[in-house]
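Since the structure of chain A is provided, determine the placement of chain B on it from the hints.
Residue numbers (my numbering), protein chains in the order written: chain A, 1 to 144; chain B, 1 to 542.
Since the hints were derived computationally from the structure, they do not count as laboratory data. Note that the Cβ used here is the ideal one computed from N, Cα and C, for glycine as well. There could be a bad hint or two in this list.
[To be verified] Residues of chain A clear of chain B, computed beta-carbon distances all greater than 12 Å:
id	residue
1	LEU63
2	ASP111
3	VAL117
4	ASP137
[To be verified] DEER-style ranges, computed between Cβ atoms:
id	chain 1	residue 1	chain 2	residue 2	range
5	A	MET62	B	GLY36	47 to 55 Å
6	A	ILE65	B	THR461	32 to 40 Å
7	B	ALA50	A	VAL23	24 to 32 Å
8	B	ALA470	A	MET62	49 to 57 Å
9	B	VAL170	A	LYS8	37 to 45 Å
10	B	ALA50	A	PHE27	44 to 52 Å
11	A	LEU88	B	THR461	44 to 52 Å
12	B	MET174	A	PHE27	36 to 44 Å
13	B	ALA271	A	ALA96	54 to 62 Å
14	B	MET143	A	ALA96	25 to 33 Å
15	B	CYS46	A	PHE27	40 to 48 Å
16	A	PHE27	B	ALA470	54 to 62 Å
17	B	ALA50	A	LEU100	27 to 35 Å
18	B	TRP445	A	ILE65	39 to 47 Å
So the chains spell out like this:
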Amino acid sequence: MCTSVILKVGARLIVPLSLVFAVYIYFKGHQTPGGGFVAGLVASVALIVHRMSFGSDSLRRMLPISERYFIAIGLTLALGTGFIAFVLGLPFFTSAHGYLHLPTTIGASYDFEWASVMAFDLGVFMVVTGVVVGMIDVLSKEIQ
Amino acid sequence: MTQHQIVLFVVLPMAAGIATTFLHRYRKAQRWVGAGFLIANIVFACKALATVVPNGDILVSQMGNWPAPFGITIAVDTLSALMLTMASIVCFSVFLYCVFQFDRDQQGGFFHPMFHLLILGVQWSFITGDFFNLFVAFEIMLMASYAIFCVGTSRKQMKQAYKYVLLNLVGSTMFVTLLGLIYGQLGTLNMADITRLAMSDQLPKSSIPVIAMMVLVFGGKTAIFPLWYWLPDTYHTLPSAIGGLFAGLLTKVGAYVMIRVFVMMFGTSQAITDVVAPILLVSAGITMFLGVLGAVSMHTVRRILSIHIISQVGYMLMGMGLAIATGIASDIKEMAVAGAIFFIMHNMVVKCCLFLCGGLMVEHAGDDNLEKIGGLLKRAPWLATLFMIAALSLAGLPPLSGFFGKWVLLSAGFQSQHYVVVFFAVLTSLFTLLSMLKIWSYGFWSPSMGKHVDKPERRPTTVGGMWGIAILVIVALSMGLGAQKYYTMCSMAAKSLIDPTNYVKAVLGEQNTPKLAINDMLPETSPKKLVIKSDSYETSGH
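The following block holds chain A by itself, in its conformation from the complex (with noise of 0.2 Å):
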């Protein structure tokens, strides 16, 4: 594995700034663009090159879980959400929404729209993340 230094501290810039964006894109997403697929895009490039600069133990060691699990994980989220709907006698995936007013610091308070589609959207997260990770891995082991 040959990285240079300039990626090395390069990636300790890129992959914390690219996580937190992924997180931003992921509650943006609701009603404008972004959302659950995009940001587990992003989430998965950010940890791509830590990947890349740092090695592929290193990133096992940052991930609590092997990322097969993340798919399956995140797999059960989106057919939980859908099956908390359907328990109380609706059509699967039907959506409750409502607002959150959040404080913020110069008086108005913001209104923040939540549904608990965002679960389903976490969970496409997840997988997106995870099959993008687990690919990347196995393909560039064989190369290896």
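Same frame as chain A, but now just chain B:
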């Protein structure tokens, strides 16, 4: 079964897939969980059938509670319920076979999750009421099948898998492109909504070629005449159980979708049936005849069975073609569709069963080349019995299921005076019997060939696999001996496909359903007027 519960046909296999992914290190738990989910699947499918059949009801659920043409609809009508029941039984038998006959390597890793996800794709295509969603379901099914293709990898298998993947990628690309074009021209992808447009004759002329091109997409999946070249090369390289699963489900999903699309959605539109019906009928004759000729010329069990899939697809096509051909009375059309549905159900079960039998023949004899094996009748008398029943029912001998399917199709052909197709169908039937007898006489009947592979050192354990086969044979026998019951259900399904008013009504609601010219009634007294009257009454009262 209430209407929102139909989503369980998607949720259950998906949950099974997830659970078996979590359990991928614990093989035993994986099997038990899988078996549990598959049995639940059969129970729910039977429940859905019992709910739908008595009155021809249609269970509809709108995903996320979005109203019909905008959201995604899933719907179970009689046709879907029949397909679900048969498919779930086939899945369970193949599962039994895989669990007991596959060795550790073949079942290792992620075989079980992929198996359940394949079922997810299949069942989803049976219940979806949305065209784009159908594409998604197809993709899931194909993705899982690509992965399963690599089970017990051999070099030959990988080479053919490559071909399979490539062909299906082309098919999918075409499918999604056509969906885009259809959406552009009709403004909707909801099946009921498109049916509504077709019924009220609102399809633009430019959409006709696009819809006709759909024949290519589904024809490729179903393996009809000019597009079947991929099938005989790929299926015979697979382990028999997987071959059985693919043969029993994948091509039949294609046939189901063709019925749904060309008979129900566009069957009422003269402009489209004029183009599609001749294609289907001509292709039906050629498909069945060439397919069976191929089967007769082959010398290995799996190859014979693989090519046979194609020839059987021809009969289904014949039913569909007759159902939408012009100048045929509607009761004959109904008969043709019912025959095609019956035939699909029969074929799912019997074809899969024969593949499993072929697998056990390999277990016993060590090979499935008919010139090298023999004497299996003495070695495995039960296997021979079950194979005989399945083979004769595929060939269509009287008390068995194949006979009734063919009988209905042939008499529909006779009554509508399409003698050429009928002639080919009868001829094909004879050759089918010939090719089945070939397997029988070389594999089972002929004396053992001594020095060859027919004497492996150990006696293989085949009890589990035999159970899988036995279940399928019992279902096939019930279809033959209780043909009247099955046929009544099929003709009910056919009735609601030929006149899809009820389907449209169930999905889109009363006010959006176009009235066919026959049903045109006098304008009702509008409820609005009554309201105004009562209002005026009230105001005057005050």
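Hints versus structure:
no.	hint	in the structure
1	LEU63	holds, 17 Å
2	ASP111	holds, 23 Å
3	VAL117	violated, 8 Å
4	ASP137	holds, 15 Å
5	A:MET62 x B:GLY36: 47 to 55 Å	violated, 36 Å
6	A:ILE65 x B:THR461: 32 to 40 Å	holds, 38 Å
7	B:ALA50 x A:VAL23: 24 to 32 Å	violated, 49 Å
8	B:ALA470 x A:MET62: 49 to 57 Å	holds, 52 Å
9	B:VAL170 x A:LYS8: 37 to 45 Å	holds, 43 Å
10	B:ALA50 x A:PHE27: 44 to 52 Å	holds, 46 Å
11	A:LEU88 x B:THR461: 44 to 52 Å	holds, 48 Å
12	B:MET174 x A:PHE27: 36 to 44 Å	holds, 38 Å
13	B:ALA271 x A:ALA96: 54 to 62 Å	violated, 45 Å
14	B:MET143 x A:ALA96: 25 to 33 Å	holds, 31 Å
15	B:CYS46 x A:PHE27: 40 to 48 Å	holds, 45 Å
16	A:PHE27 x B:ALA470: 54 to 62 Å	holds, 56 Å
17	B:ALA50 x A:LEU100: 27 to 35 Å	violated, 46 Å
18	B:TRP445 x A:ILE65: 39 to 47 Å	violated, 57 Å
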